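Novice: Let the sequences and hints guide you as you build the complete structure.
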Amino acid sequence: MANLIPPRFKVVIDYEKCRKCKRCVINCGFGVYSFADRVIPDHKKCVSCQRCVAFCPEEAITIIENPNVFRPNSYWTMEDRINIMKQAGSSGMLLTGMGNDRPYKNYFDHLLIDACQVTNPSIDPLREPMELTTYLGKKPDAVTVKVENGKVKLDTRIAPQIKLDTPIIFSPMSYGSISLNAHKALARAAKECGILMNTGEGGLHKDLYPYKDWIIVQVASGRFGVNQEYLDHSAVVEIKIGQGAKPGIGGHLPGEKVNREVSETRMIPEGTDALSPAPHHDIYSIEDLAQLIYALKEATNYEKPVSVKIAAVHNVAAIASGIARAGADIIYIDGFRGGTGAAPTIIRDHIGIPIELAIAAVDDRLRAEGIRNSVSIVAAGGIRHSGDVAKAIALGADAVAIGTAALIAMGCHVCQMCHTGNCSWGIATQRPELTQRLDPDWAAQQLINLVKSWSLELKEILGALGLNAIESLRGSRERLRGIGLNDTELAILGVKHAGR
Amino acid sequence: MDRTFERIPSGCAISGIMNVAGQRISGEKIIASISLMHDRSNGLGGGFAAYGIYPEFADHYAFHLMYQSERGRTLTEEFLNKHFIIERGEPIPTRPVATITDPPLLWRYFLKVPEERLYKNPEPVDERDYVVEKVMYINDNIPDSYVASSGKNMGAFKGVGYPEDIGRFFRLEEYEGYLWTAHGRFPTNTPGWWGGAHPFTLLDWSVVHNGEISSYGINKRYLEMFGYKCTLMTDTEVVAYAVDLLHRRHDLPLEIVAKVLAAPFWKDIEKMDEEDRKLYTALRQVYGSSLLNGPFSIIVANSKVMMGLNDRIKLRPMVWGRRGDFYYMASEESAIYEIEPALDEVHVSKGGEPVIVRLKEGE
Amino acid sequence: MPEGRVMAMEINAKGMYYRDLNNLLREKVAEGVTEFTLQGINGQRYLGTGLKGKVKIEVYGTPGNDLGAFMDGPEIIVYGNGQDGIANTMNDGRIVVHGHAGDVLGYGMRGGELYIRESVGYRVGIHMKEYKKQVPVIVVGGTAGAFFGEYMAGGILVVLGLNKKEGEPLTGDYLGTGMHGGVIYLRGEVEKDILGKEVAEFELNEEDYRRLNPLLENYANFFNVSLDEIKKVPFKKLVPVSHRPYGKLYTY
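Residue numbers (the working numbering), protein chains in the order written: chain A, 1048 to 1547; chain B, 463 to 825; chain C, 70 to 321.
For the record, the hints were derived by calculation from the structure and aren't laboratory data. Nothing here was measured: the structure is a model prediction, and the numbers come from that model. Each residue gets a CB set at the ideal place from its N, CA and C atoms; glycine is no exception. Treat the hints with caution; some may be incorrect.
Which residues of chain B face chain C? A few of them, derived with a C-beta cut under 8 Å, are [to be verified]: (1) K776; (2) E794; (3) E795; (4) S796; (5) Y799; (6) V810.
Specialist: Shown next as structure tokens:
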């Protein structure tokens, strides 16, 4: 009865061009190809990761969507029907990787950025100074100074601050969900770009220790790899409460992915499942969060900002306010488009709210309460390009984090099969024959190039806005206009409609 | 009034005169200076701030009010009566000028704060905070009413028209002050809003401004967090409020306030000695939302000081000069020569470097 | 009007509106007047704008902004300070200012010469360019503000730093930023970290001196300064290291 489920893709091979070099057979992580006189594809296994296409020297392979058409139905989509068939055949929860791919309204694409004409001048970003430097951390409401011998001196003790050369950091992706080579590439790129990478919850491999000043280490519900040494090798410590792709949900890294190195890094026995409980079992309420925040501050001698990462859910503004008041230095908000190494599809696709609305709501709430200065906001979850970065910052974020975009820079084609561990590109896998495909030097350079080109574009946007420092865009919603949004949406975003 | 426009872009001319010995001069000179730069304005806004003009009421808050209706006046006077002791209230003297049409009702009041008002709360209230709160209340809540100025022994005179016409309309030649600033406005649309003319004031602070603050959106939201209401449809009011916040409430010296409004670049902060680096890094970290980004030259004044400041890459002009105890600042050098042909010194201002002139001690 | 005959006139321009004054100048030039003395100038804009050919204007006072904007040939001598925007998009002619001047001088200037006896403000020589035989020149006797020679595409800028105070920099920050043509001659040293990333400092060669010397002689003559004194301090030059500094900026 397995035939109920049709293949999603068809592999079309131009046998006239094929030289039978078998590169496709070797490259496919999903076992699509076999060879008997000629290459034979098993269409059902294909996930359209495009690895074979990219490596076929003869350009003989084309992956197409299965042209076999289910009877069209605008309500019962093909995907819905296939999923039902899968579940009817298995009695399991649907599992997926990457971020929510459903066609919900995308607010970034309903926001437009301003520019200067005549009344104030645009600024030339290539010839004039243009500053993207951003500091993450808790700021006091006011600076106090003292005057000694005619010289003005700082009298306020400023809480620990982390300097970013550009307001873009890498989002948490654990070693385990992605390969060590991918982790190394992220760390090298973070150092080179003067930004941060984030360990995710899978601990920190010792090879990354030299990059400690550019690393956020996560403390999640599973507490994998967390000890004093781990906390010491970081610039920021982050408590992970939730993830945009699966708010309120724990997870587990299956035992087969826990090889020797993953086991050492997570500090659990080889081959055992690595369980992440849904909540932290020492945080059942906001005052418990404060207790953990200060435990970590004690452990790090109050020298490092403590970040709290949450998923954007309905009541995100009040939650963020509570987190700020609990003593966090940074609030990391992950919108519903945020990615994952593995999540139940139904959770990924139906829980949470868009990051654009979350940023606006949180920034508004913190301002209304007069505590916006006390915490930095990092926004993540579907940042696709520098335009999204600029919009997120104008809505009120201090910086953004990119995960999926970083993976794409390293070769990922967003086939959404991270949970299978078969990543043909050597990123979301621990299979040695696959992980060796990702050269960390090459991948680091790809990431550096991406961050640098987005930074250049951000400077162009600032220049067009007549600004020469990113802080003048931060929260400046006057420089955004909505298009095709209703009054409620505009009110939440705090922007006027285009034309006003 | 119609506040569909949150902000009206405008270009401008500015000029300022201060005698640091406190010697008072009539309004003639400042009018002559600003009118030389006639072509920098378009007749849609002109105004003056004058210090030392009410010596007989030196200890009273002088409120200059603009009313769009008698009802506004009734409501505001009720409000003032409730919260202040009104020593005197009178129309501001004007003369008819052909080009000045449709002025609002212009009144001034000399007020004292009833002391018991400051002790009603468990914590005593700062008298100036009390006054600021009342000004914000009137501007934000009482219909057809706008406080043009609220400082002691000073006043703002402004309206829709060329500055020289506004000056004659308000009979400024009949006033004597030791510090005058002036503004000619070139707004890009015509709402005919008298309150939108410069200077913008709060307590005895006044600001005249040439340029356009591109960071207005975030400056406004930042100041709102501290209770300021930006309701006047212009970017300049944020300068007045920012100075009030940083200097009066956060107690930062004016030199440092200037370095917040026109912050040094990070690369220049890197080059400073360790102590300065710490200070300037903290200032930018904490007050990034107060950075005035975009082109501006401003003259900020209070009873004791006049400060000229340009944006950090100097996209607007400013010249300053001195003759004896008289200091001059203007958008164009000729506007200074027009009233003082023989200067002891004259300089072109630099971006982000304030020129601060103080009243001599004991004057 | 016979060739070579000089017709001169003096105008007391005190309080005169710039449009009336410039109209009068254009009228008189059309009538054949070639030399003007303008007394009582203060703030009148656009002096010399729209004038062509051999006309000489002596200005007493402080002319307003855009002095000599789009000018095409005349000579203007200012006995006083200049304001902003002198020689804006000027095509030909000469302006000599016996004093200091403001910001954005010589914007887009394509030809002619501008001599300032003392210091100048921000963005002087911005986007100056040369074309065929036209090579614009600005000589500054004092110091220059920030962004000197910004986006400079051609022509010659000279800063002498005469009478500069001890420790005062010769120019402000961002010197030659975006410069992609032309040359800046500096009398003395500047800190390396103020240089735009597109330029580099070099010693002068013979060709440089051949171009620079006549300009220094002119300066010395106009302002009655000793040429030897000017030459006492060695010069350096700044030139762009690439005509296309942004070749690698974009991706397709």
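Novice: With reference to the structure, classify each hint as holding or not holding.
Specialist: Each hint, compared with the structure:
1. Hint status for K776 (chain B): holds, given a least beta-carbon distance of 5 Å to chain C, under 8 Å.
2. Checking E794 (chain B) against chain C by beta carbon gives a least distance of about 6 Å; that is within 8 Å, so the hint holds.
3. Look at E795 (chain B): its Cβ gets to within about 6 Å of chain C, closer than 8 Å, so that hint holds up.
4. Hint status for S796 (chain B): holds, given a least beta-carbon distance of 3 Å to chain C, under 8 Å.
5. About 5 Å separates the beta-carbon of Y799 (chain B) from the nearest beta-carbon of chain C, less than 8 Å, and the hint is met.
6. For V810 (chain B), the interface hint holds, the least distance from its beta-carbon to any beta-carbon of chain C being 4 Å, beneath 8 Å.
When each numbered hint is compared with the structure, no violation occurs for any of them.
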